[in-house]
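Asker: Given these sequences and hints, build the entire structure.
Those sequence lines, one after another, are chains A and B. Counting with the numbering used here, you get residues 1 to 190 for the letters of the first sequence. Counting with the numbering used here, you get residues 191 to 779 for the letters of the second sequence.
It is worth saying that the hints were derived from the structure and are not from the lab. In this text, all values refer to a predicted model and were calculated from it rather than measured experimentally. It cannot be assumed that every hint is accurate.
No more than 25 angstroms apart at the CA atoms, straight line, and that leaves these computed lysine-lysine pairs for DSS-like [said to hold, decoys possible]:
(1) A/Lys24 <-> B/Lys194
(2) B/Lys192 <-> A/Lys57
(3) A/Lys168 <-> B/Lys232
(4) A/Lys174 <-> B/Lys192
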Amino acid sequence: MTKNIILVGVGGQGTILTTKVLSKGLVELGYDVKMSEIHGMSQRGGTVVTQLRYGDKVYAPNIGDHEADLIIAFEKMEALRALPYLKKGGAIITDDREIFPMPVLTGEQEYPEDCLDDLKKVVGDVSLVKAADKATELGNVKAQNICLLGALIKKLGLDGIDWKAIIKETVPAKVVDINLKAFDAGYEMV
Amino acid sequence: MKEKVIMSGNEAIARGAYEAGVGFASAYPGTPSTEILENVAKYPEINSRWANNEKVALEMACGAQAGGLRTLTCMKHVGLNVAADPLMTIAYIGSNGGMLVVTADDPGMHSSQNEQDNRYYSRLGKLIMLEPSDSQECKDFTKLAYELSEKYDLIVLMRVTTRVCHSKSIVTLEDPIPTPCKKYVTDVEKRAMLPAMAIKRHIIVEEQLAKVEEYANNCEINKAEYNDTKVGIITSGISYQHAKEVFGDSVSYLKLGLTNPMPGKLIDEFCEKCDTIHVIEEGEPFIENAVRVRGHECTGKDKITIQGELTAAIVQTSLTDKPLEEGYTVDVKPADRPPVLCAGCPHRGFFYSFTKFRDKVVALGDIGCYGLGVQTPFFGEEMCVCMGGGFSTPIGMDIALKAQGDTRKPMGFLGDSTFFHSGLTSLIDAVHTNSNIILCLLDNSITGMTGHQQNAGTEISLMGKPVKRIDCLDMVMATGIDPERVHVVDPINQKEMDAALKASIENDGLQVIVTRYPCALLKSVIKARGKKHIEVDQDKCVGCKMCMKVACPSLAFKDGKAYVADVANCTGCGLCSQNCKVGAMITVE
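Answerer: As structure tokens, then:
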């Protein structure tokens, strides 16, 4: 059975690196894996969506509306934006970090402050993981992504391989320690 | 070596080039093709380089392949329009070393100005057309391309799409095939395309294409998969994956990897065996028309949209009654999050200054980061066509505005890489005719939007070697333009920037503004900046929001005061603080 995961965040939050670690691990676990990321203009502070599918045999690399088993959001309003991807019975893991987009900064649009409450009302399985806070506490907000990865691994039950070895070979050498701590912390947060 | 790794389509094409023993690779960056050459450059065996534009890239490769090397040239779909002139004739010259041209199409326009289907170029140009559907095929087809190009003395065009380029799947690595450079032997009849020779070459090209059609009918990459034959699906590229996702093994497939020349006999055979034929393809009815021309009934664009990118869901809803899975909806809507100019971006200074003169000019833009100036709150672009258009469209607009008594002055803008790509020729026209326009060259010392590729204005080449830096200002002056008409400014410094725009509007004739300030994301710029950023003194801030007018993503406003919300990305450029009348914005080092 193919699992469909949507990773969503804002350009610069490290969604793509997270997917890189995740897909390496899934290959090691023996799955067929396809991931799809769109870059280009989306890097300039826009929404970044990465789609990852794994199973015995995966054909299409992208995920359509109502097809995702899990949404993992690095920014809470992005969880709301990604909701159309989620299938009935699917789950959301989200940080409550807020990053205001330009139309909010200029006052033309409002940021939906209470959107997690709205999501919880309709989607049964919503886990809040304060990964950005945890990463800041550990000394670098950029480790937020690996903290969320820890939560994701636990949620999907993807144990059985050395995820930390993959993190070590993927993140820059000087931030390995902080990322390993962030991974452990995230694993305990769901 | 038979290692399995997960790779993007772009990485796999680069790997394929390496395994095929390619000796020369060239490209101009453009999404979604950029990472092909960036990955090729990781193999020191391949002499790889960015060209000033796609035409130059292809012509350099033509020289290298005629000389005997296997060559790779990559570009985005609209880039092939720029390279189309040499391509149509190189097709007659044929190959010595194998020649592969990769076109990365962008259905859905994730980062493009149109969604043209470049498969038509293969018919127009008499090229062998390949369409891989995943990363493994990207590598395999790349290697096959060189065999075909050399065997049939033709050029191969490989069409990939955004979803093939930027999706990752598993690839089995192999060792490179030793491919020494072939000997170059003078052959004027084959390569000097004057009419007398070209007439003869055209005959040969047609003969060779007929041989490739025979091959296409019997090759590994054009393959029928027979299951139940009530429904037969003919498809290619990424659309095959969507079809398999929806129909699995319940229908029969004809998966086409080589679509020009079209494998007519194979199509006939498949259509005769299946009761109903659906053609599933992204973009134009390229395969569908070929099927219909052979007298077979089928569905195609009458069922599946010609627009955008296909998904399994679109295929499912277009061809079956099976409903999609159910999902969730909530009433609350997210705020828009469009891509924006980065904190510290020099273009912000240019566009903010423009807003002070917007009634006096008509702003005509180009392809690059500055295209983001079209949005709120700048609304600083009324037209955007193609690379270089920002320096030519104002010349025509000036004539039209005069014809209707409109006194506004056309103002075109483009960046340094775009200037080298094709802005220079437009500038020469403007200087030559003294057009009454303003041309702004926004020099940020790099090719920005595609992610920092080297260009003629950088000191290091793609392969990390020192190269002669060409100064774009020198190129402007080399046109012989009167120096009084050229304004060189720091765009963040609003006194300088405003003065240059004001003078350019007031002075008659051509005025050129060159803004010089490096991209805020350049590693050297980040290093030089250190921890420099702006802090807002909350006691002094009066909440006038003047600083917010520059629309910097690092600045926010809460409880009646401005503050720097994103300290990590604030560069301390000081564009916002120039607007503060109460001295509340302090630069902290």
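Asker: Against the structure, test the hints numbered earlier, and report the numbers of the ones violated in rising order.
Answerer: 4
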